[in-house]
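Number of protein chains: 2
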Amino acid sequence: MNILLASTSTLYGGNYLEYLTEELKSLFQGIDEILFIPFARPGGISHEDYTAKAAEFFLKLNIKVKGLHEFEDKTSAVNSAKGYFTGGGNTFLLVKTLHELGIMNILKYNVEGGKPYLGTSAGSVIGTLNMRTTNDMPIVYPPSFECMALVPFNLNAHYLDADLTLKHNGETRETRIKEFLTQNNSKVIGLREGNWIRKINEKITVEGPESTRIFEVGKEPYEIKSGSDISNF
Amino acid sequence: MNILLASTSTLYGGNYLEYLTEELKSLFQGIDEILFIPFARPGGISHEDYTAKAAEFFLKLNIKVKGLHEFEDKTSAVNSAKGYFTGGGNTFLLVKTLHELGIMNILKYNVEGGKPYLGTSAGSVIGTLNMRTTNDMPIVYPPSFECMALVPFNLNAHYLDADLTLKHNGETRETRIKEFLTQNNSKVIGLREGNWIRKINEKITVEGPESTRIFEVGKEPYEIKSGSDISNF
Numbered sequence: 001m002n003i004l005l006a007s008t009s010t011l012y013g014g015n016y017l018e019y020l021t022e023e024l025k026s027l028f029q030g031i032d033e034i035l036f037i038p039f040a041r042p043g044g045i046s047h048e049d050y051t052a053k054a055a056e057f058f059l060k061l062n063i064k065v066k067g068l069h070e071f072e073d074k075t076s077a078v079n080s081a082k083g084y085f086t087g088g089g090n091t092f093l094l095v096k097t098l099h100e101l102g103i104m105n106i107l108k109y110n111v112e113g114g115k116p117y118l119g120t121s122a123g124s125v126i127g128t129l130n131m132r133t134t135n136d137m138p139i140v141y142p143p144s145f146e147c148m149a150l151v152p153f154n155l156n157a158h159y160l161d162a163d164l165t166l167k168h169n170g171e172t173r174e175t176r177i178k179e180f181l182t183q184n185n186s187k188v189i190g191l192r193e194g195n196w197i198r199k200i201n202e203k204i205t206v207e208g209p210e211s212t213r214i215f216e217v218g219k220e221p222y223e224i225k226s227g228s229d230i231s232n233f
Numbered sequence: 001m002n003i004l005l006a007s008t009s010t011l012y013g014g015n016y017l018e019y020l021t022e023e024l025k026s027l028f029q030g031i032d033e034i035l036f037i038p039f040a041r042p043g044g045i046s047h048e049d050y051t052a053k054a055a056e057f058f059l060k061l062n063i064k065v066k067g068l069h070e071f072e073d074k075t076s077a078v079n080s081a082k083g084y085f086t087g088g089g090n091t092f093l094l095v096k097t098l099h100e101l102g103i104m105n106i107l108k109y110n111v112e113g114g115k116p117y118l119g120t121s122a123g124s125v126i127g128t129l130n131m132r133t134t135n136d137m138p139i140v141y142p143p144s145f146e147c148m149a150l151v152p153f154n155l156n157a158h159y160l161d162a163d164l165t166l167k168h169n170g171e172t173r174e175t176r177i178k179e180f181l182t183q184n185n186s187k188v189i190g191l192r193e194g195n196w197i198r199k200i201n202e203k204i205t206v207e208g209p210e211s212t213r214i215f216e217v218g219k220e221p222y223e224i225k226s227g228s229d230i231s232n233f
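From first to last, the protein sequence lines are chains U and V. With the working numbering as the guide, the letters of the first sequence map in order to residues 1 to 233. With the working numbering as the guide, the letters of the second sequence map in order to residues 1 to 233.
These are calculated hints, taken from the structure and not from any lab test. Owing to the predicted nature of the structure, the values given are computational and were not obtained by experimental measurement. Check each hint, because a few of them may be wrong.
Because identical chains cannot be distinguished in the list, a pair is counted as satisfied if it fits within a single copy or across any two copies.
Said to hold, decoys possible - No more than 30 Å apart at the CA atoms, straight line, and that leaves these computed lysine-lysine pairs for DSS-like:
hint, residue 1, residue 2
1, K178, K53
2, K219, K96
3, K178, K219
4, K219, K53
5, K66, K178
6, K53, K25
7, K74, K178
8, K96, K178
9, K82, K53
Let's have the full structure, built from the sequences with the hints guiding it.
Next comes the structure, spelled out in structure tokens:
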């Protein structure tokens with residue numbers, strides 16, 4: 001497999017996907033067109049505009065971008081594509097749409113076959129075991145929380161350390177993930193913004209400028225360094 | 001109906017339920033025992049300890065507290081109770097448990113019949129139309145997101161204004177609720193900590209020290225004052 005799952009699409013003060021430019025040249029090497037999956041975006045920006053935003057970035061890499069919403073036969077469009085990019089937005093909406101269109105498993109089959117896959121935020125979560133560690137609001141009811149399981153763990157994107165100055169009783173991110181671990185037995189990767197997960201063939205690593213926080217049943221959360229191998233998680 | 005749906009159980013720096021003491025005397029007037037529903041709490045504290053915490057507070061009001069987990073026949077326990085308190089925790093776990101035990105509708109029937117109901121946080125969300133505006137992590141998959149619909153709107157508990165100083169690309173609470181409105185047509189009550197919703201007979205008001213933020217399709221979010229009537233929302 002050849003996949004990149006990023007915590008976020010855009011760094012604070014940066015442009016869309018810009019910080020990933022060198023990694024994306026490597027991910028999509030030899031590919032001149034990819035399929036963009038815009039279904040996470042619930043509003044504010046249309047599927048056309050969202051696809052145009054992705055296309056604008058990939059133009060610099062001489063890669064054309066087509067939006068999956070443009071195709072009547074979406075199964076065929078996924079099977080014919082040379083590579084994929086799923087953008088962020090609302091994970092519940094994305095997972096519901098992919099299950100209802102019947103393309104979650106078709107996408108999985110193609111990516112497991114070696115076609116390159118890029119996800120950002122919600123698009124990264126669907127590469128993992130399931131969406132049970134998303135931060136998003138459950139604005140729609142998906143027929144299942146299961147995802148592609150391209151990697152053998154759960155992901156918390158936009159992982160955020162607790163702000164101890166906040167006078168507020170909402171749960172911290174760490175508390176929420178610990179609650180997940182009372183009901184589930186998979187490891188959770190707390191991926192800070194700026195970091196990404198890279199899988200090349202069978203090897204999986206965490207990359208980026210920040211350390212990454214790992215949560216697992218029966219252990220205190222701990223940090224791993226950029227470049228760490230998480231293939232056997 | 002006679003219900004109180006609070007944003008939070010505990011104010012910053014305060015003790016459990018303390019800020020609601022006067023309101024709770026009025027809510028549970030003439031009642032000497034209530035049933036506590038501890039199922040939102042996924043870990044860290046057992047159902048026994050969580051119930052003991054509620055009992056400790058209600059002792060001051062001369063009200064006994066029994067935990068629903070103590071009863072083998074939970075339907076009968078709900079039907080026999082004189083009043084209810086559902087505590088906070090994880091809304092997904094709470095809603096899944098209530099649906100699986102078959103008591104969501106039994107509780108609704110009893111509360112609609114006039115028995116007093118107190119909810120805090122997740123326990124308040126289950127009093128509304130559905131759980132689609134919870135902040136919680138989807139750590140388990142409920143058979144449905146539908147709730148008791150004791151009030152005709154959605155609730156966002158622990159409502160938090162955007163922190164514009166934060167260098168982070170996770171969505172703000174307001175953005176998430178606006179995403180909800182692209183997929184749903186009900187109003188959303190953004191209930192800040194310290195505020196609560198009170199329903200007495202058919203009249204519903206928002207109460208507490210803060211103003212309350214209202215979200216609805218086709219309008220900019222707006223604020224309403226404490227005491228405002230939201231019966232016709």
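These are the hints, each one checked on the structure:
1. K178 x K53: between (36 Å within a copy, 21 Å between copies)
2. K219 x K96: The answer is between: 27 Å across copies meets 30 Å, while 33 Å in one copy does not.
3. K178 x K219: So K178 and K219 pass the 30 Å test inside one copy only (10 Å; across, 37 Å).
4. K219 x K53: Answer is between: at 27 Å across copies they meet the 30 Å cutoff, but 41 Å inside does not.
5. K66 x K178: For K66 and K178, only the inter-copy Cα distance (27 Å) is at most 30 Å; the intra-copy one is 39 Å.
6. K53 x K25: within (18 Å within a copy, 56 Å between copies)
7. K74 x K178: between (38 Å within a copy, 28 Å between copies)
8. K96 x K178: both (25 Å within a copy, 18 Å between copies)
9. K82 x K53: Cα proximity of K82 and K53: one copy only (19 Å, versus 58 Å across).
Of the hints listed earlier, there is not a single one the structure fails to meet.
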